[in-house]
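Visitor: Let's have the full structure, built from the sequences with the hints guiding it.
In this note's numbering, the protein residues as written are 19 to 184.
If you are wondering where the hints come from, they were derived from the structure by calculation, not from laboratory data. Note that the coordinates shown come from a computational prediction; the quantities given were computed from them, not determined experimentally. Just to be clear, a hint being listed does not mean it is correct.
[Unchecked claim] DSS-like, lysine-lysine: derived pairs with alpha carbons at most 27 Å apart:
#, residue 1, residue 2
1, 34, 178
2, 53, 153
3, 153, 174
4, 79, 66
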Amino acid sequence: MSTNEKYMKEALKQAKKAYLLGEVPIGCIIVYKDKIIGRGYNKRNTKKTTLAHAELVAIEKASKVMGDWRLEDCTMYVTLEPCQMCAGALVQARIKQVVIGTMNSKAGCAGSILNLLQMEEFNHQVEIVNGVMEKECTDILQQFFKELRARNKEAKLAAKAEETQN
19 MSTNEKYMKE ALKQAKKAYL LGEVPIGCII VYKDKIIGRG YNKRNTKKTT
69 LAHAELVAIE KASKVMGDWR LEDCTMYVTL EPCQMCAGAL VQARIKQVVI
119 GTMNSKAGCA GSILNLLQME EFNHQVEIVN GVMEKECTDI LQQFFKELRA
169 RNKEAKLAAK AEETQN
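Guide: In structure tokens, the structure reads:
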């Protein structure tokens with residue numbers, strides 16, 4: 019098993035925590051000198067805030083461990099390609115590299131829609147590695163949304179049945 023796979027497995031553990039909460043299963047870890055210094059998973063609905071993305075949670079924890087907002091020699095492992103907010107945070111935090119499980123054609127800003135991580139106009143660019151454990155990262159997301167659609171369909175049918183009875 020490669021180092022990237024080892025750490026992506028850890029990011030997937032975080033994604034599973036989100037899954038159990040009914041959150042979109044996105045997980046993230048930050049590594050410095052072969053040690054995990056930040057972990058995060060999606061908690062937007064739980065915390066009722068846009069800012070509770072896995073990447074931002076992990077950056078905050080890693081910054082506390084490092085005692086600095088600069089995470090220059092750190093690598094982030096994230097199960098889903100970062101959105102524009104998180105990609106901007108990676109650049110701002112000066113993260114050296116991001117390792118991505120699966121790309122996000124609807125909101126990804128590490129190459130899918132645009133690439134905020136490597137814009138020459140910014141004072142920092144982030145190295146990108148993608149496709150690490152892509153199948154596992156894609157599978158957990160697909161399973162989550164399949165179950166969510168089924169729950170929503172059941173709820174609509176139940177509401178319709180109740181409406182008919184009244």
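Visitor: All hints are to be evaluated individually against the structure, with a verdict given for each.
Guide: Verification of the supplied hints:
A hinted pair counts as satisfied when its Cα atoms are at most 27 Å apart, and residue 34 with residue 178 does not qualify at roughly 32 Å. A distance of roughly 25 Å separates the Cα atoms of residue 53 and residue 153; the hinted pair therefore holds under the 27 Å criterion. Between the alpha carbons of residue 153 and residue 174 the distance comes to roughly 31 Å, so the proposed pair goes past 27 Å and is violated. The straight-line distance between the Cα atoms of residue 79 and residue 66 is roughly 19 Å, inside the 27 Å bound, and the hint therefore holds.
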